[in-house]
Amino acid sequence: DIAIMSFDKGLLLFFAKGPYYRRLAIPSANGPPSMTNNSDIVFPHAARRTQTQRGSARGYEKRIAAGFSDRVTPELSAFIAELDTAFFGTVSAAGAPYIQHRGGPKGFIKVLDDKTLGFADYAGNRQYITISNLAGNDRAYLFLLDFARQRRIKLWGRARVVEDDPALLARLSDRGYRARPERAILFTLEAWDVNCSQHITARFSEDEVAQATAPLLERIASLETENARLRAAGLATAVSEPAGARAAAP
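Take 1434 as the starting number for the sequence shown in our numbering and just add one per residue.
Source of the hints: derived by calculation from the structure; they are not laboratory data.
Hints are not guaranteed to be accurate.
In the BS3-like style, the derived pairs of lysine-lysine whose C-alpha atoms are separated by at most 27 Å in a straight line are [said to hold, decoys possible]:
#: 1; residue 1: K1539; residue 2: K1495
#: 2; residue 1: K1495; residue 2: K1543
#: 3; residue 1: K1548; residue 2: K1495
#: 4; residue 1: K1548; residue 2: K1587
#: 5; residue 1: K1495; residue 2: K1587
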C-alpha cells in the first residue's frame, strides 16, 4: 500500500506492508539544486514519442520539464544501506546489453559522495563481460530492489573500473565477508527515479525471517516453560494426596 502526501519540497511516499513502514522523499520541480533537466536520460525521445502515441505523455509533462534528481539524497542513501542485492546493467561498444546480479552484506554498495556510488568487484567466474563492456562504453544502470518492502529505484549513470587502488578497495570491501575483492567499480549518478512497486513479490532473507520470528519463538519458549511448571505442580499435588482422598474424589 502507498500513501502520497505533498509538501513544499516535493512528494512524500509512505510505504506500508505488514510490519514495515518506510517513507521516501522525492524532490519536486521546485526542489533543491540537485535537480537537473536530464529527462533525456530517463525518457529518450523515442520513449516520449511512444508516450504521445499511446496517450500517456501528459502524465509525465511536469516531471520531464523539471528533470530528475542527480544527487544521492539522505533518503536514497538510507535505501541503499539496507540492500544486499542489486542488478547492474551495461552495454558493449557494439550495443549488446548485459545485466549482472551484484550482492553482498547489507550496504555493500557504498555512497562515496552525493554523486558517486562504489562497490567491490569480487573474484568470480572470470567471464569479465561487465568490465569489458565498461571499457568500450561507460553507460551503466543500477536497478535497486527491496523485496521485503516491495520497493524499487532506478539509477542511470556512468561507471568505470578502478584497478590497483588498495585504499579504495578497502573502503568498499566488507570486513568478514568471505569473498576476495579484485577491483573497484565506481558509478557516477546522472539521474534516479522511484519505480512503480506493482508486481513485486515480497521475499525475506534468513536474517529478516529470524528477526521477525524471534519474538514468537521467545513467546513459545515461555509458554512451554510455564506449561511444564504447571504440569509438574499438578503431578506433585496428585502424588501428595492420600490414597483414600483420591478414591473418594468424584
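For the pair we were handed, K1539 and K1495, check the Cα-Cα distance against 27 Å.
Judged against 27 Å, a Cα distance of about 35 Å means the pair is violated.
Agreement of K1548 and K1587 with the hint, judged by alpha carbon distance not exceeding 27 Å
15 Å, holds
Holds or violated: K1495 with K1587, Cα cutoff 27 Å?
Given that 27 Å is the threshold and the Cα spacing comes to 19 Å, the pair holds.
Proposed proximity, K1495 with K1548 (alpha carbon, max 27 Å)
24 Å, holds
Mind checking the alpha carbons of K1495 and K1543 for me, to see if they're no more than 27 Å apart?
32 Å, violated
Going through the hint list in order, the structure does not satisfy hints 1 and 2.
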